[in-house]
Structures are given as C-alpha cells and as structure tokens.
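Peer 1: Here is what each chain is made of, one letter per residue.
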Amino acid sequence: MPVTATRAHWHDPAATPRALLTLALLLVLWPGLQLTEFRPQILFNAQNREVMGRFLAGFWPPDTSAEFLLMLGRATLETLAMATAGLALALILAIPLSLIATRTLSISALFSGRPSRTGRLLRYPVRFVLIVLRSIPEIVWALLFVRAVGLGPTAGVLAIAITYSGMLGKVYAEIYESVDPQPARALLQSGSSRLAAFLYGVLPNAAQELTSYTLYRWECAVRASVIMGFVGAGGLGQMIDLSMRMFAGGEVVSILLTFLLLVLLADQISQQLRKRLA
Amino acid sequence: MSISLTGVGYTHPNGMRALSDINLSIAADEQVAIIGSSGAGKTTLLKLLATSLLSSSGDLQLLQHNPAQLGARALRQLRSRIGLIHQSPPLPPRQRVVTAVLAGRLGQWSLARACLSLCYPSDIEGARAELSRLDLAEKLFERCDQVSGGQQQRIGIARVLYQKPDIMLADEPVSAMDPVLAEHTLSILGSIARERGVPLIASLHAVELALKHFPRVIGLRAGEILFDKRADTISQQDLDALYLNTDLDDTADQYAAAANNSLRSRCL
Numbered sequence: 001m002p003v004t005a006t007r008a009h010w011h012d013p014a015a016t017p018r019a020l021l022t023l024a025l026l027l028v029l030w031p032g033l034q035l036t037e038f039r040p041q042i043l044f045n046a047q048n049r050e051v052m053g054r055f056l057a058g059f060w061p062p063d064t065s066a067e068f069l070l071m072l073g074r075a076t077l078e079t080l081a082m083a084t085a086g087l088a089l090a091l092i093l094a095i096p097l098s099l100i101a102t103r104t105l106s107i108s109a110l111f112s113g114r115p116s117r118t119g120r121l122l123r124y125p126v127r128f129v130l131i132v133l134r135s136i137p138e139i140v141w142a143l144l145f146v147r148a149v150g151l152g153p154t155a156g157v158l159a160i161a162i163t164y165s166g167m168l169g170k171v172y173a174e175i176y177e178s179v180d181p182q183p184a185r186a187l188l189q190s191g192s193s194r195l196a197a198f199l200y201g202v203l204p205n206a207a208q209e210l211t212s213y214t215l216y217r218w219e220c221a222v223r224a225s226v227i228m229g230f231v232g233a234g235g236l237g238q239m240i241d242l243s244m245r246m247f248a249g250g251e252v253v254s255i256l257l258t259f260l261l262l263v264l265l266a267d268q269i270s271q272q273l274r275k276r277l278a
Numbered sequence: 001m002s003i004s005l006t007g008v009g010y011t012h013p014n015g016m017r018a019l020s021d022i023n024l025s026i027a028a029d030e031q032v033a034i035i036g037s038s039g040a041g042k043t044t045l046l047k048l049l050a051t052s053l054l055s056s057s058g059d060l061q062l063l064q065h066n067p068a069q070l071g072a073r074a075l076r077q078l079r080s081r082i083g084l085i086h087q088s089p090p091l092p093p094r095q096r097v098v099t100a101v102l103a104g105r106l107g108q109w110s111l112a113r114a115c116l117s118l119c120y121p122s123d124i125e126g127a128r129a130e131l132s133r134l135d136l137a138e139k140l141f142e143r144c145d146q147v148s149g150g151q152q153q154r155i156g157i158a159r160v161l162y163q164k165p166d167i168m169l170a171d172e173p174v175s176a177m178d179p180v181l182a183e184h185t186l187s188i189l190g191s192i193a194r195e196r197g198v199p200l201i202a203s204l205h206a207v208e209l210a211l212k213h214f215p216r217v218i219g220l221r222a223g224e225i226l227f228d229k230r231a232d233t234i235s236q237q238d239l240d241a242l243y244l245n246t247d248l249d250d251t252a253d254q255y256a257a258a259a260n261n262s263l264r265s266r267c268l
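Protein chains in written order, with UniProt numbering: chain D, 1 to 278; chain E, 1 to 268.
Read the hints as simulated data drawn from the structure, not as lab findings. A virtual CB, placed ideally from N, CA and C, is assigned to each residue, including glycine. Accuracy of the hints is not assured; some may be wrong.
Where chain E lies over chain D, by a calculated footprint (3+ residues, C-beta under 8 Å) [to be verified]:
| # | segment |
| --- | --- |
| 1 | 41-52 |
| 2 | 191-198 |
Interface residues of chain E toward chain D, partial, derived using beta-carbon atoms under 8 Å [claimed, not checked]:
| # | residue |
| --- | --- |
| 3 | R79 |
| 4 | S80 |
| 5 | Q87 |
| 6 | P90 |
| 7 | P93 |
| 8 | R94 |
| 9 | T99 |
| 10 | A103 |
| 11 | L106 |
| 12 | L136 |
Partial chain E-side listing against chain D, Cβ under 7 Å, derived [to be verified]:
| # | residue |
| --- | --- |
| 13 | S52 |
| 14 | R76 |
| 15 | P92 |
| 16 | G107 |
| 17 | L111 |
| 18 | A114 |
| 19 | L116 |
| 20 | S122 |
Whole structure, please, built from the sequences with the hints as guidance.
Peer 2: So this is what it looks like as structure tokens:
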C-alpha cells in the first residue's frame, strides 16, 4: 500500500469544528435547564402523584350525552371555521408579501448574480413587516380584538390572520428560494414577467412543499383557535375552559378526543394532497 | 445585420477576463457555430448575445438595439425576441411537457393569458406542432421528469421554437444526445432557422458536427477570435492551433490570480 505508506492516516478536517460545536451546544443547554428550574423528579413525588391521580381519575369515562355531543359538534365547527377563515385571510396577505420578499424573482440578479441595491432596499421593509406580524403571539392579538370586536370567533379569526400571514409569508419566500432557480431565470431571460416566471418556473417545483406547509399551519391554526377560546374567542377552547372550571372531567376528555380526530384529519388531508402533487 | 459586435469585451466580477476585443457581424440568413476548448469563452459570448450578461466594453447591437442602453421594459421586449437553448434544459421536473413548451411565449403573452393557460393549455396545437418537428409529439401530456435527458433537451429546443424568436442561440444544444440524434436535431435546427429567416448561433464541443452542419464557424481561444471562416475553408492547422494546449499553464495562473484577488478582498 504505497499510498497509505506515504501518509500514515488521513484526518477529516471537519471533525474538530463539529466536535467543538456539539460541546458548545451542550454548554448552552445547561444554563437553560437551570434557568427554567427543570427538575423532573418533582413529578414523581408521592404527594404530587396523588393530586394528579385524583384529577385524572375524574376524566373517565368521556361524556357522550346527546345534548353535550350536539354542543361539541357546534363548537368543533366553530373552531374549524375560525382556523380556516383566519388562514384564508392570512394567505391573502402572505402571498403578495412573500412574492416581494423573495430573491428568486430578482431580474437584476440575472446580470450579476446578486439583486440590485434598490431591489434589496425594497425587500428589507417587507421582511421587517413579516417579522412584526409574527413576532406578537396570536393570543395577544386575540385579547386585543376581544376588547375591540367583543367576545366570539371574529377576534380569533383576526388574530390568526395577522400572526399567520407573517409566518406563511416568511416560509413561502424561503421555499421559493430553496427550489432550483434555473427554470425561473431562463423564463425571465426570455422576456417573461416576474409573476409569469414564478407561475411557470417556481410554482411547479414548490407546490408540494407549499401545500404541506400550509396544511401544517392549518393544523396549528386549529390548535391556536382552541387556545384563543380560553380568552373568549369561542369554539372548543371556550368549552374546554368552562368544563375544566366545572371539574367535568368527562367533558374535557370528549373534547380532547375530538381534538385528536381533528389533527388526524388534517394529517390525512395533507398526506393525500402531497401524494397527488408528487 | 441581426447581430453586430465591435470591440466587445467581458470581464467577470472577480477580475477574470473572459472575452476581449470581439468583432463580429451576423446576418439573418446565417448559421454560425462557435467552437473552442472549454474555458475559451463560448458560453460567455452566448450569454452576451442572450442579454443575460452585459458587455464590459465595446458596442453590442442586437436587432438594432444596444441592450446596455435599454430601459427595463424595452429590454424585456428585446429578450422576448431572443431565444436561448440551454445546455441543461431549465424545465421544472413536475411540469407537463405541454406547459413547458408553451412557457416559451410568456414574454409575449399577457399575465391573464399566462394564468389561464395554467388552468387549461391555451395553444395545444402550437405546442404539438413544434414537438412533432422534433419527433416528441406523443410526449405532449407527460411530465418533464418522465422523459430521458436527450428528450428533455429536445423539449427545451421545442420551447425556443415555439417562442418564434428573431435570433436563435444554442449553448451545446445536443450534448445529451447520441450521435445519430445529435446530427438529426442539428439539421432540423438549421433548416428551421433557414425557413424562418433567423440567424442561428450555436456553441459546440464536437468539431465534426460544427463543420458539417454550419456554413460559418468561429474559433474562440482564450477569449479571442482565432478564426472566423466558412466551414469548407477550415484547415487542420486552424483546428490544431485552436486546441493547442500551450495555454494550460497560463489559464491556471489566471485562475490562481483571480482566487488570490478574491481572497485578498475578503480579508480586507
């Protein structure tokens, strides 16, 4: 083996930085755990175990009375409607913003490989708007809107629309940038407009990921609309809040099971759509 | 003259000189092949002609316009009149062949027509006509990732044919095809260019193909035109001079200098 004889062993140059990075991550994690007073052994303390046990024992069997199920059905529909309407409004805002924010459709980048100064100056404010939109949690918006438009799902719809337009816009713009830019560039280079180049050059490659992310966000919106129910935005959340306050464990379990079904449903829809678009 | 270049040069942003002092004029009825070793500047020259790069010096006239002096709208209009066949066809894998071909005319269509055509292909007959000239009519409704590399390259050609440009450019248009198909495709390209009265400029690696299918051949070497002759007057000496390897060290030095430059600017 003359080759290995000249050099005793080869060393991977990436090994040391990787090891150091891992070590650094662990070092950062430790103060985090200290700061949050993370002590899992408290869970298994005899007294706490008994309290939790009593609470959970009240949860079974689930409440299946016709009257309650009817109420549950209506609240479920309300939650779904809140999530769907909120997401639809968010899309109206997110799609144009993402198209402005993405670098993929830069015509000036055709020449130099880098977008022009004016292009960048235009993109930064839009990115900033997207950051502002998503930096305030939807629950805060919901509290604000409950005061403005009163108790009920409208507040939830508006809160979801605002926060989710920020998240969708940011991730959409990044998805456009992650697909192969050559098709869109070739179209821009043969005189097509940006929007047409997007529709014919980027969308075919990005459609699957966009759909899957949007459906995942819809699933999150369903969960978020439940949480916002706690502050008076209606739907399943308001119901769970009331049932908990009345210590009606059976009702809580029924609602949680409905929840599970909703997420399963969202997952199934997502999988089917992805299969069709693949 | 469809195309005329006077003293055109191009220098990459990293300081590497790709083309210098190119003087050329090409009429509408000409078919021209550009040959030369890799790194000689063939692709850069085509990119200049396709307006995807702007020349650093000299005067470049395309269809009586200088792309460097045009505003955004006029430049878009000029671009829609120039068709470039890419070496690796820029087709989205999940797009259907019919849509990929129709995309050739996006520069001429209104946005409304472009959107409607995504819902239902607006000119199936037109796309089929171009594909059938390249023997691909039966692939009309298949997806671009379900056809072979050579077929994708021909779909890319069909798109440019459908664009009906006033200048046809081709960057290694037959590199993914077997020799028989390559000959066939080049002769079709040539006859379509003649029949439509538009110039065809193609860069080619295969010298025999260039000499056989193109009446005029330009030899590029280290960013300069070494010869620009009728194909039947090109001698073995011309070709030997074109592919002589004395310059290998030179280009290596140039690369090293460019790399050094970019390193230095990063440190500063």
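Peer 1: Hints first: check each against the structure and report whether it holds.
Peer 2: We went through each hint and held it up to the structure:
Given as covered by chain E, the segment 41-52 of chain D fails the check, having 0 residues with a CB less than 8 Å from a CB of that chain where 3 are the minimum. Figure legend: the segment 191-198 of chain D, annotated as covered by chain E; annotation consistent (6 residues with Cβ-Cβ distances under 8 Å, at least 3 required). The beta carbon of R79 of chain E is positioned within 8 Å of a beta carbon in chain D (closest approach about 4 Å), and the interface hint is therefore held. With 8 Å as the threshold, the beta carbon of S80 of chain E comes within range of chain D, its nearest partner Cβ sitting at about 3 Å, so the hint holds.
Interface hint at Q87 of chain E: violated, since its Cβ lies 11 Å from the closest Cβ of chain D, which is beyond the 8 Å cut-off. Taking 8 Å as the C-beta contact cut-off toward chain D, the hint placing P90 of chain E at the interface holds, the least distance being around 4 Å. About 7 Å separates the beta-carbon of P93 of chain E from the nearest beta-carbon of chain D, less than 8 Å, and the hint is met. Among the interface hints, the one on R94 of chain E holds; its C-beta lies about 5 Å from the nearest C-beta in chain D, closer than the 8 Å criterion.
Given hint, T99 of chain E at the interface with chain D, holds; its Cβ is 7 Å from that chain's nearest Cβ, closer than 8 Å. This hint holds: A103 of chain E has a C-beta 4 Å from the nearest C-beta of chain D, less than the 8 Å allowed. The criterion of a C-beta within 8 Å of any C-beta in chain D is met by L106 of chain E, whose closest approach is roughly 4 Å, and the hint holds. The beta carbon of L136 of chain E comes no nearer than 19 Å to any beta carbon in chain D, farther than 8 Å, and the hint placing it at the interface is violated.
The beta carbon of S52 of chain E comes within 5 Å of a beta carbon in chain D, closer than 7 Å, and the hint placing it at the interface holds. Because the beta carbon of R76 of chain E sits about 5 Å from the nearest beta carbon in chain D, less than 7 Å, this interface hint is met. Hint status for P92 of chain E: holds, given a least beta-carbon distance of 4 Å to chain D, under 7 Å. Because the smallest distance between the Cβ of G107 of chain E and any Cβ of chain D comes to about 3 Å, under 7 Å, the interface hint for this residue holds.
Nearest Cβ of chain D to the Cβ of L111 of chain E: about 6 Å, under the 7 Å cut. The hint holds. Annotation: A114 of chain E was flagged as interfacial toward chain D, and the flag holds, the nearest CB pair being 4 Å apart, inside 7 Å. About 11 Å separates the beta-carbon of L116 of chain E from the nearest beta-carbon of chain D, more than 7 Å, and the hint is not met. Taking 7 Å as the C-beta contact cut-off toward chain D, the hint placing S122 of chain E at the interface is violated, the least distance being around 13 Å.
When held up to the earlier numbered hints, the structure conflicts with 1, 5, 12, 19, 20 and fits the remainder.
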